[in-house]
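Novice: This is what each chain is made of:
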Amino acid sequence: MATVLFYVFAGLALLGALMMVTRANPVAAVLWLVASFFGLAGIYTLLHAYFVGVIQVLVYAGAIMVLFLFVIMLLNLGHPNDPRDFRGPTWRGIGLAAAVALALVLGLAILDLRLPLGRQAGLQALLARLEQQGVVGAVGVAMYTDFAVPLQITGLLLLVAIVGAIVLAKRDF
Amino acid sequence: MVTDVVPLPVVLTLSGLLFAIGAGGVLVRRNAIIVFACIELMLNAVNLAFVGLAPHAGFEGQVIVFFVIAVAAAEAAVGLALIIAVFRHALSVDLENFRLLRW
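In order, the protein sequences belong to chains A and B.
If you count by this note's numbering, then the first sequence holds residues 21 to 193, one letter each, in order.
If you count by this note's numbering, then the second sequence holds residues 913 to 1015, one letter each, in order.
Please note that a few of the clues may not be correct.
Derived coverage of chain A by chain B (criterion: at least 3 residues anywhere in the stretch with Cβ under 8 Å from a Cβ of chain B; other residues may be distant) [to be verified]: (1) 43-52; (2) 71-81; (3) 105-119; (4) 177-185.
Calculated from the model, a selection of chain B residues having no Cβ within reach of chain A, i.e. all distances over 10 Å [to be verified]: (5) Val938; (6) Arg941; (7) Arg942; (8) Phe971.
Because the hints were derived from the structure by calculation, they are not lab data.
Computed from a predicted structure; not experimentally measured.
Positions of the beta carbon are idealized from the N, C-alpha and C atoms, including for glycine.
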């Protein structure tokens, strides 16, 4: 059952990604990307990353993609389906070739993978940790102990981004 | 005994395919907002690889995903502000207009 669900969500994620790249209307493209992110949220949940799945829906599909849609509608884009939105045949060939080459290189790297990878590896260890500390607690404890410095730096980054976004959007260039 | 839903290579292959689609989209599209959305897709493909590897290489993979999401949110805010600034100047979000730093 879980395996079938995985392939359904994987199909949704891939379909959403392909439709996003090929739609000319920006609103349709971003909505397909939201569908792709919902598929990814389902996959995260199936892979025992329950909190990541929730945050994917709340923050990514809910907040970041709404920001994209808001900007598209604020700038009033996508009324005429602009053919200039896609590059010419040369660039399309380059894009397709680059995507296929990238997929092949990544595929070769995946074939080369040797398991297990870590000292405390194993699904049992992960599930025991989630059971012991709680689904949110497992992430929270790690974030405030092992990842305390990156957490502070991320806070600073978000502050700089807020100030930068306001300065850029308010000033007339 | 709990087992994996799917083998790790399947998850990593899906991640690689999504990343390749995103990279192809960046090269093919001209609309700055769609190019930006393709970059978000590539970030999500990497997140999927982190989550998929978490049972095999340590729980830290799931924690790093949150940092990636935070950086993506910061990047989206600044990037969309840049797009609005360029749109005010050129009345278009075509990537041709992003050439202030080009030699």
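Novice: Each of the hints needs a verdict: does it hold here or not?
Specialist: Evaluated hints:
1. 43-52: holds (count 3)
2. 71-81: Holds, because 6 residues of the stretch 71-81 of chain A bring their Cβ atoms closer than 8 Å to Cβ atoms of chain B.
3. 105-119: Holds: 10 residues of the stretch 105-119 of chain A have a Cβ under 8 Å from chain B.
4. 177-185: holds (count 7)
5. Val938: 8 Å, violated
6. Arg941: The assertion about Arg941 of chain B is violated, with a minimum of 7 Å to chain A.
7. Arg942: It is violated; Arg942 of chain B is separated from chain A by about 6 Å at its closest Cβ, not greater than 10 Å.
8. Phe971: Given a closest Cβ separation of 6 Å, the condition is violated.
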